[in-house]
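Going down the list, the sequences are from chains A and B. Going by this note's numbering, the residue at position 38 of the first sequence is 38; the numbering climbs one at a time, nothing skipped. Going by this note's numbering, the residue at position 299 of the second sequence is 299; the numbering climbs one at a time, nothing skipped.
Hints may be right or wrong, so weigh each one.
[Unchecked claim] On the chain B side, residues computed to face chain A include the following (Cβ under 8 Å):
1. Gly32
2. Arg50
3. Ala223
4. Arg225
5. Asp226
6. Glu228
[To be verified] Over the 10 Å line for every Cβ pair with chain A, so calculated as not near, a few chain B residues:
7. Gly35
8. Met40
9. Arg44
10. Lys83
11. Asp121
12. Gly221
13. Gly261
14. Lys282
15. His292
16. Glu307
17. Gly352
18. Arg359
To be clear, the hints were calculated from the coordinates, so they are not data collected in a lab. Every residue gets a Cβ at the ideal spot worked out from N, C-alpha and C, and that includes glycine.
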Amino acid sequence: MKNAYYITFRSVTFAQRGERVLREAGVRCTLLRTPRWMEAQGCGYALRLWTADVEEILAALQREQIPMRKVYRQNRDGGMEELIR
Amino acid sequence: MIYLDSGATSFRKPPQVLRAMEQAMKTCASPGRGGYGPAMEAVRQVYGCREEAAALFDCLPEQVALTTSCTHGLNIAIRTLVKPGARVVISGFEHNAVTRPLHALGAKVTVAGRRLFDWEDTVSQFRKALDQGAEAAVFTHVSNVFGYILPIEELAQLCRERKVPFVLDGAQSAGALPISVKQLGADFLAVPGHKGLLGPQGTGLLICRRLPEPLLYGGTGSASRDQEMPQELPDRLEAGTLNVPGYAGLAEGIRFIRRIGPERILAQEHRQLERCVEGLKKKGLRVFSGPHQAATVSFLGEEDCEETAQRLAEKGIAVRAGLHCAPLAHESAGTIETGTVRVSFGHDAHDGQTEGLLRALKGREA
Numbered sequence: 001m002k003n004a005y006y007i008t009f010r011s012v013t014f015a016q017r018g019e020r021v022l023r024e025a026g027v028r029c030t031l032l033r034t035p036r037w038m039e040a041q042g043c044g045y046a047l048r049l050w051t052a053d054v055e056e057i058l059a060a061l062q063r064e065q066i067p068m069r070k071v072y073r074q075n076r077d078g079g080m081e082e083l084i085r
Numbered sequence: 001m002i003y004l005d006s007g008a009t010s011f012r013k014p015p016q017v018l019r020a021m022e023q024a025m026k027t028c029a030s031p032g033r034g035g036y037g038p039a040m041e042a043v044r045q046v047y048g049c050r051e052e053a054a055a056l057f058d059c060l061p062e063q064v065a066l067t068t069s070c071t072h073g074l075n076i077a078i079r080t081l082v083k084p085g086a087r088v089v090i091s092g093f094e095h096n097a098v099t100r101p102l103h104a105l106g107a108k109v110t111v112a113g114r115r116l117f118d119w120e121d122t123v124s125q126f127r128k129a130l131d132q133g134a135e136a137a138v139f140t141h142v143s144n145v146f147g148y149i150l151p152i153e154e155l156a157q158l159c160r161e162r163k164v165p166f167v168l169d170g171a172q173s174a175g176a177l178p179i180s181v182k183q184l185g186a187d188f189l190a191v192p193g194h195k196g197l198l199g200p201q202g203t204g205l206l207i208c209r210r211l212p213e214p215l216l217y218g219g220t221g222s223a224s225r226d227q228e229m230p231q232e233l234p235d236r237l238e239a240g241t242l243n244v245p246g247y248a249g250l251a252e253g254i255r256f257i258r259r260i261g262p263e264r265i266l267a268q269e270h271r272q273l274e275r276c277v278e279g280l281k282k283k284g285l286r287v288f289s290g291p292h293q294a295a296t297v298s299f300l301g302e303e304d305c306e307e308t309a310q311r312l313a314e315k316g317i318a319v320r321a322g323l324h325c326a327p328l329a330h331e332s333a334g335t336i337e338t339g340t341v342r343v344s345f346g347h348d349a350h351d352g353q354t355e356g357l358l359r360a361l362k363g364r365e366a
């Protein structure tokens, strides 16, 4: 079953490289501003995507040495849950 | 006009560069600051430039920091590697963009290799200077005055073997000679956007393979609560709003070069260089030429170099005379008192330019 995820990055450039890597792997994702509450330091960009296997996505980003901040899963009730990695 | 001053800036940019700039002016807002359409278009344009540069120089997109000029990038790189009073080795053909920052830092500079077009001398003098101890090295790829292509692979190897970090100045080579920062192991590569890369003035790139010290401090659109500049590249070096139309244009310039291939551009320039050198020599002018020469040549007649350049300007021919902001290079070549007239070909080099120049030069006097 697919879920919505947010992956946050410190820099828009890392988010963009992540976007490139995922798109080339056939994963659709959207680059957007990180919701304020997700980023304690303020200001950042995130990728939003739907997937049934977030671990595969994260592994792909790690293989490309793209530093990620945090990963959140959106639950069915709309609430967000941070995935501890 | 016959434009032979590409060493200063490329003049006739590909039309797609102009179109991209105009489009960016119409469609882009501030990059990295918002999530709405025009702001996101701006980050796409900027990232496009990083990707193109990364492909050309063999690095990652985030290692491409956007600067306002090659000089800007050199200042960052030099201030990162060189602490006040440090020992630094440079070539005998460096531009003021290298020597002035070093002077301002009070660096103890050793000039290594002053013989034009002589790789053996350059390499042996560098080896000797590095063996005497150095905290950093800075060298140009191509002399902006004489077109001398330095043996950068050998110099890089000498630095790597001695664990001396180094900066490569690609002001005259980017876009015309292949450069892989990864293969060279360069700590920094600084290049202008507006010369061989065919972008607009006011753009440059600093390729960073180590964490630099910022020259500017301010907002980056990231980690805003933190009062330290971000540790991540490229944000660490990019405080303030970026010149989005400029980098959109630069991205198109690099695409143009990658499509044609730097090797093909150099071959086209080189054909004209050879014809030009031969023609200048036939006129009895003093011509500075030799092996390992890019598409730039200096010459001297009997009259003042500025008078020659002025006479050519009046005939619609653009060349540059004087010291070319590189007094060290002129000292090395023995032309510090006279300066030289510099002819530099660009991506659009063709027979008509060379013929026009040679026709306009009468003989020992222009």
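Which hint numbers does the structure go against, in order from smallest to largest? 6, 7, 8, 9, 12
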